[in-house]
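Going down the list, the sequences are from chains P and A. Last residue of the first sequence: number 388 in my numbering, and the count goes up by one each step with no gaps. Last residue of the second sequence: number 388 in my numbering, and the count goes up by one each step with no gaps.
Just so you know, the hints here were simulated from the structure itself, not pulled from any lab data. Keep in mind it's a predicted model, so treat the numbers as computed, not measured. It is possible that some hints are incorrect.
A pair counts as met if it fits within one copy or between any two copies, since identical chains are not told apart.
Once the Cα atoms are required to be at most 20 Å apart in a straight line, the calculated EDC-like pairs of lysine to aspartate or glutamate come out as [what the hints assert, rightly or not]:
hint : residue 1 : residue 2
1    : Lys139    : Glu308
2    : Lys231    : Glu358
3    : Lys231    : Asp202
4    : Lys231    : Glu206
2 protein chains.
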Amino acid sequence: MADRSLDALVVTSLPNILYLTNFNGSSGIVVITGSRLHFITDFRYVAAISGTRGTPHECPNLGLVTVESSYEVALATLLLTLPTGSAASSARVGFEAAHLSVARYRWLERALGTSEKAPQLVPVEGILERARVRKDAYELSVLREAARRLSAVTLAVFADVRAGRTEREVAMSIDWRIRDAGFERSAFDTIVAAGPDAALPHARPGDRKLSEGDLVVLDFGGVYDSYCVDLTRTVSIGPAGSRERAVYGAVLEAHDRAIQTVEPGRSRFDIDAVARNVLAGHGLAEAFGHGTGHGLGLEVHEDPRITRRRPDVDSGDEAVEPGMVFTIEPGAYLPEWGGVRIEDDVLVTASGVEVLTDVPTELIEI
Amino acid sequence: MADRSLDALVVTSLPNILYLTNFNGSSGIVVITGSRLHFITDFRYVAAISGTRGTPHECPNLGLVTVESSYEVALATLLLTLPTGSAASSARVGFEAAHLSVARYRWLERALGTSEKAPQLVPVEGILERARVRKDAYELSVLREAARRLSAVTLAVFADVRAGRTEREVAMSIDWRIRDAGFERSAFDTIVAAGPDAALPHARPGDRKLSEGDLVVLDFGGVYDSYCVDLTRTVSIGPAGSRERAVYGAVLEAHDRAIQTVEPGRSRFDIDAVARNVLAGHGLAEAFGHGTGHGLGLEVHEDPRITRRRPDVDSGDEAVEPGMVFTIEPGAYLPEWGGVRIEDDVLVTASGVEVLTDVPTELIEI
Chain P
23 MADRSLDALV VTSLPNILYL TNFNGSSGIV VITGSRLHFI TDFRYVAAIS
73 GTRGTPHECP NLGLVTVESS YEVALATLLL TLPTGSAASS ARVGFEAAHL
123 SVARYRWLER ALGTSEKAPQ LVPVEGILER ARVRKDAYEL SVLREAARRL
173 SAVTLAVFAD VRAGRTEREV AMSIDWRIRD AGFERSAFDT IVAAGPDAAL
223 PHARPGDRKL SEGDLVVLDF GGVYDSYCVD LTRTVSIGPA GSRERAVYGA
273 VLEAHDRAIQ TVEPGRSRFD IDAVARNVLA GHGLAEAFGH GTGHGLGLEV
323 HEDPRITRRR PDVDSGDEAV EPGMVFTIEP GAYLPEWGGV RIEDDVLVTA
373 SGVEVLTDVP TELIEI
Chain A
23 MADRSLDALV VTSLPNILYL TNFNGSSGIV VITGSRLHFI TDFRYVAAIS
73 GTRGTPHECP NLGLVTVESS YEVALATLLL TLPTGSAASS ARVGFEAAHL
123 SVARYRWLER ALGTSEKAPQ LVPVEGILER ARVRKDAYEL SVLREAARRL
173 SAVTLAVFAD VRAGRTEREV AMSIDWRIRD AGFERSAFDT IVAAGPDAAL
223 PHARPGDRKL SEGDLVVLDF GGVYDSYCVD LTRTVSIGPA GSRERAVYGA
273 VLEAHDRAIQ TVEPGRSRFD IDAVARNVLA GHGLAEAFGH GTGHGLGLEV
323 HEDPRITRRR PDVDSGDEAV EPGMVFTIEP GAYLPEWGGV RIEDDVLVTA
373 SGVEVLTDVP TELIEI
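The task is simple: from the sequences and hints, build the whole structure.
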C-alpha cells in the first residue's frame, strides 16, 4: 500500500478476505487502512465474527460494519468517512481490479462523487495474491497434514475401485472418504473417468461401469482447515494392455522429471517444458493440452501456474520460490481411447523440492 | 440486444453460459451476434463440446473457438473480426457489467484499440438473468422432479438424526443421500446446527453432539440436471420445551402465511413483509435478520430475492410472475439459545402458488 501511496485498500476477493481475517463465509468486504482492518458483512455472519473474539481465530483490531441496506452503500459510506492520508488531498483508495465487477465499480464511482475531496479509486492487482503465494510455517503445517490425509484416502480409494461399479458410485465413495478423513469438503467435483471417458480431462462421473481393460482416472481433492490439496492416480481394471502401459509410462516419466526439476529459481515455464518435452518424445505432444500444474492454498487453483509461456501475455522467467506449493500433473488424452493423469503436490524448499503427497506411482492393476 | 442496438453481446457469467449452451464446465466465454453463438473455451472442454453434436444437448449453430494463449486474447481477436451492424459505424458490443472484472474490462478496452472502427464496449445488466427468472416447461419439469427427490431425501434424513451423533456426521449422511438420490452434488455446504449453534443462520457443522432438548436446523439442497432446490427443516431431539414450541410455531406461521401470499402480481417485498410481520407479532422482529427467500434455478441464489425493500436501492414493486421459483424460509435466531428455520420451494402459477417440496411441517420430536 505504501508503494502505491494508498490510504486504503478495498479487498473483495473472498479467499483474500479469508487470508486476512479467518472469515470463511460467502460475503464480506474488507477495507484496510494504515491503522486498522474494517470488515463489512451482513446479519448472517455478524454473530460468527463476534464469536471469534478472544479465540486464536480472532482478527486483531477489526472494525465490524454491519450491512443495513446493501454492501455497496455500506462500502461507500465507510470510504467517505475515512481520514485521508494528507489533509490537502483526496484519499487514494486501491481496489482489486480482478475481483471487482464493472457494475460495482461504476456504482461506487458515482456514490463517492466527483468533488475535489472525493476518494480516488486506484486499480491494483495481485497485492494479496503475491503474499499468499509463499506459504508460511503455519500454512505449511496445514498443507502437510492435508496431503498426508489425502494420501491415506487414496490408498483406501483403491479398494473402492472394481469392475462393475459405476464411475458415479466410485466418486461418491471418494467424496465420503474425503469427509471421513476430516476434510471440510471435496476441493472440486471429483473425477472418475473410465476407458474412453478419460479422454476428457474434466470428465464428469457417469453411469459407465468400470470394466476389464479400462484405465480409470481418479482425480480428487480436499479442503482441510481452509487449505486445498489435490491428487490424481490412474489405475487399470485387470491387466493393462501394452498401449496402456506405454502411455502410462510416458506420463509417469513426465511427472517424475518435472518434479526433479523443481528448485528455487527455476522458471515455472521451464518446469512445464520438461513435462511437455518428455511427452513429445513419446509422440504425445498433442495429447497433453493442459498445464503441468497449479498453485494450491486457500484456492484449489491459484498462483503459480506451471504452464507453457504464452508469448503475447507472459514476460519474464517467473522463478518459483521457497514456500510455493503446487501440483505436478501431466496427462495424455487420446480421443476414443482414454487418458492417463498422475498428480502430486510439491513444496519448493530452500534447497529443492519436497513431495507432500505420498502414494505409489507405479501402475496398479485392480 | 435489438433494444440496446447491440451488434454483439459478450456473456461471461457461467450460469448464463450454461443457460444458453448446456455447457457446464468451469471456463468459457460466449459471444452472441445476430446470426450465431460463438463459444470460446480451452482444450479441456473442446472434446466435451464436440461430443454434444447430434445429441439433444447440442447448442445449434455454435461456432467453437479454442483458446490458444488466453481467453482475453481469443475474445479480443473474435470481436475485432465480427461484422459490424452497419458498415459506417463501429460495432456496439454489450458486456455483462456485473460479471466482468475491471481488470478484464481494462485489458479488453486496450486490446480493441481506439480507432474509429474499434468495437465500442457497452455495459449491460440482467439481460439473461431476466430471461432466466421465468422458468419454461422443461425447466419446471426438472425443478418438480428435483423437489420431489429432495423431499424424499428429507424423510430419509430424519432417520439419520439422533442424540449422540455429531453435526458433522449428520451432514455427511445428508450429502450422501443427496448424491444417492441422483443429484449431481449438494447445492451448497449442508447446514446441521444443533442447540445454540443454530443461532448462526450459516453455521458450519461441527463436532457438537446432538443432545436431548436440542432444536436442530437441517438445511440442504441438491443440483439435479443443473437445477438447484433447497429445503430446511428444524427438528427437536426428544420432547421440545415450551419456548422451543413457541418459536417454532411463530416461524411456521410466518412460513405458511408467506406462502399463502404468493400469487402473480404480488410484490416480492410484500411477501417478505408478511413473514416479517408475523414474527414481529411474536416479539421476534430482531431475531429474523435475513430475507424470506431467494430464487432457484441454475444458481441456488438468484432472482427474485424475497427481501425487505431497501429504500436507497430498490424502486418499484417488482411483482412476482408465473414461472418464478423461489424459496420461502423465515427463521428466528436467538443468541446462546439457538434457532429455527423452515424452508420450502414454491412456484408462482397463473392463479397462485404451487409448493414444489412436500415434507410435513409440524415439529418432529426424534
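A quick look at each hint next to the structure:
1. Lys139 / Glu308: The answer is neither: 57 Å in one copy and 38 Å across copies each exceed 20 Å.
2. Lys231 / Glu358: within (16 Å within a copy, 50 Å between copies)
3. Lys231 / Asp202: Close across copies (16 Å), not inside one copy (25 Å); limit 20 Å.
4. Lys231 / Glu206: For Lys231 and Glu206, only the inter-copy Cα distance (17 Å) is at most 20 Å; the intra-copy one is 29 Å.
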